[in-house]
Amino acid sequence: AQKITQTQPGMFVQEKEAVTLDCTYDTSDQSYGLFWYKQPSSGEMIFLIYQGSYDEQNATEGRYSLNFQKARKSANLVISASQLGDSAMYFCAMREGSGGTSYGKLTFGQGTILTVHP
Amino acid sequence: KAGVTQTPRYLIKTRGQQVTLSCSPISGHRSVSWYQQTPGQGLQFLFEYFSETQRNKGNFPGRFSGRQFSNSRSEMNVSTLELGDSALYLCASSPIFFGGGLRYEQYFGPGTRLTVT
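If you read the protein sequences in the order shown, they are chains A and B. Sequential numbering from 1 applies to the first sequence in this note's numbering. Sequential numbering from 1 applies to the second sequence in this note's numbering.
Treat the hints as calculated values from the structure; they're not laboratory data. Do not rely on the hints blindly, as some may be mistaken.
Said to hold, decoys possible - Residues from chain B shown here face chain A by an in silico Cβ test under 7 Å; the list is partial: (1) ALA2; (2) HIS29; (3) SER33; (4) PRO39; (5) GLY40; (6) LEU43; (7) GLU52; (8) PHE60; (9) SER86; (10) GLU105; (11) PHE108; (12) LEU114.
Stated by the list, open to error - Some residues of chain B that are not near chain A, with every Cβ distance over 12 Å (derived): (13) LYS13; (14) GLN18; (15) THR20; (16) SER22; (17) GLY28; (18) SER31; (19) PRO61; (20) GLN106.
Beta carbons: idealized from backbone N, C-alpha and C, even for Gly.
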């Protein structure tokens, strides 16, 4: 079963507008972490934001915020004031707490390609 | 501080050959993870190394192997290459391991793009 689902293969947004990228997840662990990464055409994965399962407040990092709805198992990324440089692939990922002594495994969604129009 | 470096950046191999990819983590990082990225399967976890020991392994055949050296540099090897092994191979390093909880970020390298013909 898919652990991370990103239902939007592609999204378009006008420059300076806000956009929400959807992510739902599936885990039986009580302790887990959710990440969003950006992958430009160069290929390198860039960390954007993190939300822990026990965090009571939604995470924010500059123009990025995470709309975390634990009961719905969703962790949507909101980008405010979009810029042309935001055009990239965006991945939602999860690290589950049952990894024991291994924390290196991230499970990724299929990604959403975001295109920002001028 | 230099980022994660991966060599080579691009590689073309023939079916049946073997290949070795290299990853140098950020200085001081001791955990290295490898991922395979393909259009069809997306990003998939290959393995994780810490202190020269494999700590976790993804669901890949035994043709995929790796190792880590005492300086934390890591290599992954794919033997008997198949067309389906064509992918972007990403390496990620992390600054902490035990006790780091779930928060710690993985810093990714630019990847090695492998093409198997």
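For each hint, the structure was consulted:
no.: 1; hint: ALA2; verdict: violated (14 Å)
no.: 2; hint: HIS29; verdict: violated (11 Å)
no.: 3; hint: SER33; verdict: holds (4 Å)
no.: 4; hint: PRO39; verdict: violated (10 Å)
no.: 5; hint: GLY40; verdict: violated (10 Å)
no.: 6; hint: LEU43; verdict: holds (4 Å)
no.: 7; hint: GLU52; verdict: violated (14 Å)
no.: 8; hint: PHE60; verdict: violated (13 Å)
no.: 9; hint: SER86; verdict: violated (14 Å)
no.: 10; hint: GLU105; verdict: holds (5 Å)
no.: 11; hint: PHE108; verdict: holds (4 Å)
no.: 12; hint: LEU114; verdict: violated (12 Å)
no.: 13; hint: LYS13; verdict: holds (19 Å)
no.: 14; hint: GLN18; verdict: holds (23 Å)
no.: 15; hint: THR20; verdict: holds (19 Å)
no.: 16; hint: SER22; verdict: holds (16 Å)
no.: 17; hint: GLY28; verdict: holds (16 Å)
no.: 18; hint: SER31; verdict: violated (6 Å)
no.: 19; hint: PRO61; verdict: holds (18 Å)
no.: 20; hint: GLN106; verdict: violated (7 Å)
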